[in-house]
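J.: Sequence:
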Amino acid sequence: MPVPQRLIVAITGATGAIYGVRLLQVLREVPEVETHLLISPAGVMNLQHELEIGRAEVEALADVVHNVRDVGATIASGSFRAHAMVVAPCSMRTLAAVAHGLSDNLITRAADVTLKERRKLVLMVRETPLNLAHLRNMTAVTEMGGIVFPPVPGFYQKPCTLDEMVDHTVGRVLDLVDLPHVGEKLTPGWGGLNPTTSNDA
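The UniProt record's numbering puts the first residue of the sequence shown at 1, with every later residue one more than the last.
Simulated from the structure, these hints should not be mistaken for lab results.
All C-beta atoms, glycine included, are put in the ideal place defined by N, C-alpha and C.
Hints are not guaranteed to be accurate.
Straight-line distance between alpha carbons at most 20 Å, and here's what the computed DMTMM-like set of lysine to aspartate or glutamate pairs gives [as the list claims (entries may be wrong)]:
id, residue 1, residue 2
1, 116, 127
2, 120, 52
3, 185, 175
4, 185, 167
5, 185, 34
6, 185, 164
7, 185, 32
8, 120, 143
9, 116, 143
10, 185, 163
11, 116, 178
12, 120, 50
13, 120, 57
14, 158, 184
15, 185, 70
16, 120, 175
Derived CB-CB ranges, DEER-like [to be verified]:
id, residue 1, residue 2, range
17, 28, 133, 14 to 24 Å
18, 147, 55, 21 to 31 Å
19, 180, 54, 31 to 41 Å
20, 150, 190, 13 to 23 Å
21, 181, 154, 33 to 43 Å
Full structure from sequences and hints, please.
T.: Next comes the structure, spelled out in structure tokens:
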């Protein structure tokens, strides 16, 4: 059997827990992807407050669940061949820890490993307005090879529901972690305002 692509998903204490949950829901239907889930204590609070769901319900969506305090877990080592990592949503505290190499829990350690192994790290940072510390931390992560992806909705697809807006963002993230065949089901490609035809040549 082919080895599945391993994707680490972390849910932290920023608003927007729906992004992490929806990402897990979509990947649950993709057998070639193995998800490894981490939820911070503040992330659990947000799941309860924003979505009215508990930790167990979200953990059931993942293939493997890790305790954020277990810095000796498999994903804490570069020898664990994860394909990519997505922090959805990413709190400014987590962003700052990643930017400064502070591997003080398994989320930030796994992110640090992802960067050092030159793998894709996507941080769906969520805060507004941004202060200078936020901007500098985003710059630092970008310079290290990470991808800063604020979940800013796009309206060019003319979404009619909140679910469509969430799916559009999650689809874009899946494209970034090299799963376009999954992402395109949520996010149709942009055809342009005036698509050309053979008669225009």
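J.: Please write out, lowest number first, the hints stated earlier that are contradicted by the structure.
T.: Result: hints 1, 2, 12, 13, 15, 17 and 21 break, sorted rising.
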